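*Asks:* Hey, can you piece these two chains together into the complex? The hints should help.
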Amino acid sequence: DARVTQTPRHKVTEMGQEVTMRCQPILGHNTVFWYRQTMMQGLELLAYFRNRAPLDDSGMPKDRFSAEMPDATLATLKIQPSEPRDSAVYFCASGLVRDGALHADTQYFGPGTRLTVL
Amino acid sequence: AQKVTQAQTEISVVEKEDVTLDCVYETRDTTYYLFWYKQPPSGELVFLIRRNSFDEQNEISGRYSWNFQKSTSSFNFTITASQVVDSAVYFCALSEAGAQGGSEKLVFGKGTKLTVNP
Numbered sequence: 001d002a003r004v005t006q007t008p009r010h011k012v013t014e015m016g017q018e019v020t021m022r023c024q025p026i027l028g029h030n031t032v033f034w035y036r037q038t039m040m041q042g043l044e045l046l047a048y049f050r051n052r053a054p055l056d057d058s059g060m061p062k063d064r065f066s067a068e069m070p071d072a073t074l075a076t077l078k079i080q081p082s083e084p085r086d087s088a089v090y091f092c093a094s095g096l097v098r099d100g101a102l103h104a105d106t107q108y109f110g111p112g113t114r115l116t117v118l
Numbered sequence: 119a120q121k122v123t124q125a126q127t128e129i130s131v132v133e134k135e136d137v138t139l140d141c142v143y144e145t146r147d148t149t150y151y152l153f154w155y156k157q158p159p160s161g162e163l164v165f166l167i168r169r170n171s172f173d174e175q176n177e178i179s180g181r182y183s184w185n186f187q188k189s190t191s192s193f194n195f196t197i198t199a200s201q202v203v204d205s206a207v208y209f210c211a212l213s214e215a216g217a218q219g220g221s222e223k224l225v226f227g228k229g230t231k232l233t234v235n236p
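So the sequence lines, in the order shown, correspond to chains A and B. The opening position of the first sequence corresponds to residue 1 in the working numbering, with each subsequent residue numbered one higher. The opening position of the second sequence corresponds to residue 119 in the working numbering, with each subsequent residue numbered one higher.
Chain B with its partners taken away, still in its complex shape (with noise of 0.2 Å):
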């Protein structure tokens, strides 16, 4: 059965800090997805990333930078110079690669809520 653990319930970090959400996952599946959403104070889930399990490429984009670790099953965010704004629950998310190779059903983690304090 496909399993999403974020290991970190709360992080709390002063403005300008590095952070790092964890996240470690199981499948059974060769071909799957992984995905990072945000979700806000105003409740909304805002996709960040989508990653296929063949493209271990790390990613950045802008502050924002994920590390997939295929041999560790991780799929970790980094944030560099937090900023208020990203205060959120952040969750992580893994599916199935399904019959005609789509995204099926997400499996999410339990999120992270991340505070950024001024």
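Chain A extracted, bound-state conformation (with noise of 0.2 Å):
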């Protein structure tokens, strides 16, 4: 049963440490979603990636946030330095976008990190 995997699941530090969340996505896919959830936003995309390129990160806030793809088989979010506001849930989605696909493939979502920046 293939899933998206991520790590820590949780994660407590101190405002101004630095924070690197990794996501395993299921293997084969192409294209890996960053999301944040809080209760006042809701979900919203931070980046997104395709053959590990990235495609969109005008969700994420560019002086302390950054996304990457070392290799097909983790992505990485970082926050540096981190802020109390950073505090939410993080996810990372996968899915596979097949060339000249005319459907859409679904997302599949990791458990997500919980973070907490006292």
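Hints in this document: simulated from the structure, not taken from any laboratory. Certain hints may be false.
[Unchecked claim] Taking lysine to any residue pairs in the SDA-like style, the calculated list, with each CA pair at most 25 Å apart, reads: (1) B/121 / A/86; (2) B/156 / A/53; (3) B/231 / A/64; (4) B/121 / A/105; (5) A/11 / A/85; (6) B/121 / B/214; (7) A/62 / A/105; (8) B/156 / A/26; (9) B/228 / A/116; (10) B/121 / A/11; (11) B/156 / A/105; (12) B/188 / A/106; (13) B/228 / A/9; (14) B/228 / A/69; (15) B/188 / B/202.
On a predicted model such as this, the values are computed, not experimentally measured, just so you know.
*Replies:* Encoded structure:
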């Protein structure tokens, strides 16, 4: 049963510290998304990658957030320095978009990383 | 701009009742995709269904059914004979076709919290 995995599941840190969240997409999926869920804003897209190349990071605060895909099996989301307003659940999702596809493929979500910045 | 509205913030029903969760969307695209996800108390996001804008057939899967009406830009979700295990937050989401016809970023509604009481 293929799943998206995320680590860590929970992270508590102090303001100013660096936070790195990791995601392993489903094997064979070529698109990886990072979403953030907060009570106030709901679920919102931060960034996404296709074949490891960034396609859209307009939802991400550029000064402190960075997202990368070092290889096809690992996506990272880094916050440096972290702030209390970054406290949220961060979800990674992966999906497969085939060349010339006419139909969308489903995005499968990981369990999320619950981040608390004190 | 794309938008998804789930007007019902919370719904409470008694077990075995039928319940319909409403979803209204806005998009200027002619090709788009609609989704429902379930978020149980454990926090993960579970995929339920995906529809594309060219397929207005209603779908039934066990106790779940979906009514897609382009004329009213709605994609409503009905649970028949609800059970306690159906208690969760349900999200409706919309995505554009994307350059290759595949699903791109999801725009989520705020969610409807369903509580099924025994």
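*Asks:* Indicate, hint by hint, whether the structure satisfies it.
*Replies:* How the hints compare with the structure:
1. B/121 / A/86: Satisfied, since the Cα-Cα distance of roughly 24 Å is no more than 25 Å.
2. B/156 / A/53: violated, 29 Å
3. B/231 / A/64: violated, 33 Å
4. B/121 / A/105: holds, 20 Å
5. A/11 / A/85: holds, 14 Å
6. B/121 / B/214: holds, 11 Å
7. A/62 / A/105: violated, 28 Å
8. B/156 / A/26: Distance of about 20 Å is within 25 Å: holds.
9. B/228 / A/116: holds, 22 Å
10. B/121 / A/11: violated, 31 Å
11. B/156 / A/105: holds, 17 Å
12. B/188 / A/106: holds, 21 Å
13. B/228 / A/9: holds, 23 Å
14. B/228 / A/69: With a Cα-Cα distance of about 29 Å, the restraint between residue 228 of chain B and residue 69 of chain A is violated, given a limit of 25 Å.
15. B/188 / B/202: violated, 32 Å
Taken one by one, the earlier hints fail for this structure at numbers 2, 3, 7, 10, 14 and 15, listed in ascending order.
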